[in-house]
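I would like the entire structure built from these sequences, with the hints used as guidance.
Protein chains in written order, with full-length UniProt numbering: chain F, 1 to 268; chain U, 1 to 401; chain X, 1 to 308.
If you are wondering where the hints come from, they were derived from the structure by calculation, not from laboratory data. Take these hints with a grain of salt, some might be off.
[Said to hold, decoys possible] In silico lysine to aspartate or glutamate, EDC-like type, Cα no more than 16 Å apart, as pairs: (1) X/Lys301 to F/Asp103; (2) F/Lys35 to U/Asp372; (3) F/Lys73 to X/Glu186; (4) F/Lys249 to U/Glu365.
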Amino acid sequence: MTVELVANQGLPPVADKVENAPLAVRGMTVSYGQKPVVFSVDMTVAEGSMTAIVGPNGAGKSTLLKAALGIVKPLSGQTMVFGQPLPGQRHRIAYVPQRASVDWDFPTRVIDVVLMGLYRELGLLKRVRQPHLDKAMACLERVGMTDFSDRQIGQLSGGQQQRVFLARALAQGADLYLLDEPFAGVDAATEKAIIAVLKGLREEGKTVVAVHHDLATVPEYFDRVFMINTSKIAEGTVAEVFTAENLNKTYGGRLATGQIDQLDLVTG
Amino acid sequence: MLWEAIFLQLGYNATLVTIGACFLGIAAGVTGTFLFLRKRSLVSDAISHATLPGVALAFIVMVSLGGDGRNLIGLLLGSALSAGFGLLCVSWLTRQTRLAEDAAIGSVLSVFFGFGIVLLTVIQSMSSGRQAGLEGFLLGSTAGMLWSDAVVIAVGGALTLAVVLVLRRPMGLVAFDPEFAAANGMNVTRIDLTIMALAMAVTVVGLKIVGLILIVAMLIIPPVSARFWTDRTDRVTLLAGITGGVSGYVGAALSAAAPSVPTGPIIVLVSFAIFAVSLFFAPTRGVLAAVLRHLKFQHRVHMRQGLLALAQGQPIYEKLTLRLLLHAGLARADGVPTETGRARAAKALRDEKRWEVVRTDQAFEGAAALYDGLREIETVLTEDQIGEVDRRIGGPQGVVA
Amino acid sequence: MSGEEFVPLSLTPLLIGMFAAVACALPGNFLVLRKQALIGDAISHVVLPGIVVAFLVTGTVSTWPMMIGAAVAAVVAVGLIEAIRRLGRIEPGAAMGVTFTSMFAGGVLLLEQSDTSTVHLDVEHALYGNLESLIWLDAVGWQSLWDPAALAGLPNELIRMGLTLIVVVCFVWLFWRPLKLSTFDEGFARTLGMRTGVLGLALVVIAAIAAVAAFDAVGSIIVIAMFICPPAGARLMTNRLEVQIVWSVIFALMSAILGYFIAGYGPQWLGAENAVSAAGMIATVSGLILALAALFGPCRKRTGAPAV
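The following block contains the structure:
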């Protein structure tokens, strides 16, 4: 204990904060074939923040997330979670994959999917008991899906499927929530419900990172933004970096000037 | 013996069969290409296993009508009927139930084959000691083949090949880009059916030579081998036809020289040899080329990342990066850049800045799309353009130590 | 049918058939859901070369070297399929087709070239086995089940198949949650730190063990049929994986029992003298059950969108 204190005294407070960030990615490069989709990206996620990862289609947003989590193998790069290497910290992470990444015809019910979030607790053989079911139902309640707990997952709408995925992540009881396009193809009510849950998490002091498509809602939903187009363009609070200039850099000519004007941007 | 076989000097039957196998190999290679491009190679496995009950039933029917039961045309007709029925089952299961195509293929092939085995045991008991010789259809055999059978195979192979050649263009279009083909008024469903029917024809004609377990190899291996050598559909088709023809010819000839060996396995192994060579040594898609390219690519990525880190005074985390920089004389073992390293790093950082300008300016949109972190800026902009970009950046910026 | 006739002649082949059917159907459930049904097809084809090579290496027809040879061949085949798929960027079906036909052809050729004529090893046997011949000579009736001397004479195939079934059941029971989770959502499973690649390989190895043991007794045709037909039929009966497993076991047992009896006694009812192939009939019955499930199963239609 004493040793740690002494060692910490030498470090500036800012560096300390970065070193213990919920998620810090260093030098991440991922390629499919011969073309890097993510090139040499550093990312530092601030604790207790809601961060949007934005960028054009094919700019490596989802890939960055997947590589950071070890779902795809990067060419180079490292991930630190709360200042520790990823493998020992997985229990502090909850992940919501893209809805389209799984086969919704899989023979299972909504409640079973949410219980998958309790895998660490249940392990290989521990039986599912009432407290586990209660916990899973509570998570379903937070996303407004209690009535559907016995449904086969294929019978749900896109928005409902997304809510189930979010409920599973809630069941994981993590400190860091990583979501891959949580608002893609969902109805307006679901979008509202999801953002309410995410803001609730932030109020509990949790950290949220989401790959996000809709630039118009960035300032409303998120407090920090990470802009990527193969390499990192900018990273910081929405107020600082969500500017027309950075959007231009990120999207190049693909974003019409008119579109940028309509965004609720910080000017100057 | 071997050379005599290759040069078709082992008698009329062997010559006919060898030529038939060659025709069949070409037809199989070309037809298989269309199946392969449609990602449906293994449908042919269901087709071929589904022929067995047809062969057996045809035998039973011919015997009960007082015939010999071994008439090749009759047996082949029977096999075509049951293969067609099997194909129907596969597509019905895939369309009408939630089962995926692989499960449909697997169930059809195993059930039809199992039923075929049942019928074979029925034949064994009913033919009162007479050997029906239907086991030859499992692995293929050309030994002791009748003249009429050889003619059937040669003519069948030639006919199938002729149909394939006539229809290769529409089939190629549908296999390559079904939506485009449909937009051009082609009946995609009907052409798909034609492809399947041709695969069935290849299977049926090849049954006697290659056997039903291995005939799929003639439809699958040549296109896969050909794919390694070229990206163009028409060339894949051509190469697959050639490799298929060579495998059929050489395989059938070899087995004519050594009659104790079943023909099917030899044909398959000849085409596998071609495949193995393609897999390893094909110039762009081959394993050897791919491994070399990947290593080179990985080095480029690490070098570039290393240089950028040096330029910005960041520590280098990756061991490989440091090793590469060390090897190139750009950094010392402790991660401090050398003189050359400093210069190269400054250039890398400046290029990165230049790219930043390029990617922000809509005037450079075309060039900006080529950015992937590695591309040298000189390859997308002219010297004048780079000069223009540099003016916007301002004066040279020093390296952060 | 009396015990004196049934126990020595039919009990053991029937049990072997039932064990083999269930041992293949259990991993088959996951293979079908993972769209790897044809891995079962590939495995059952490459068992032959594995056995032949084992015979050539050891020079004897003893069971264990052959089972090991077959299992090694299965793993080699899976490795080769993966290598061709990744290195050559070839779609999995075609990669499988190249691998198993080539290995099977190599096996047949080795078999024909080597002097195996003196031993009981041939392609037909490999395809449809000899379930009917696995009789229990020491048994005289039901009382033999309590007679240690008679039990000692049980066919080895029965013991092996029984052990294999236990291994398969233990594997599925122990790894139930990871198997289900990684089959449904592999990416999520990885974020939990699960080694999904290793688990997938373990599933294939277990399937290979089941295939090899079953192959020894009943030939490869049952193996493919049991990997795919009972699980496919079961998928059409329910929307819960737990229930699907139960249905697949029921279908596998029904196929084995009905298939065995129809093969043995069916021809007599029709006035013929000789029995037909039990292995073939078991595969046929499993197909008929699948057909019925596809026509009338309560959950036969797709509900969700497929994964992209």
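Okay, the hints, checked on the actual structure:
no., hint, result
1, X/Lys301 to F/Asp103, "holds (14 Å)"
2, F/Lys35 to U/Asp372, "holds (7 Å)"
3, F/Lys73 to X/Glu186, "holds (14 Å)"
4, F/Lys249 to U/Glu365, "holds (11 Å)"
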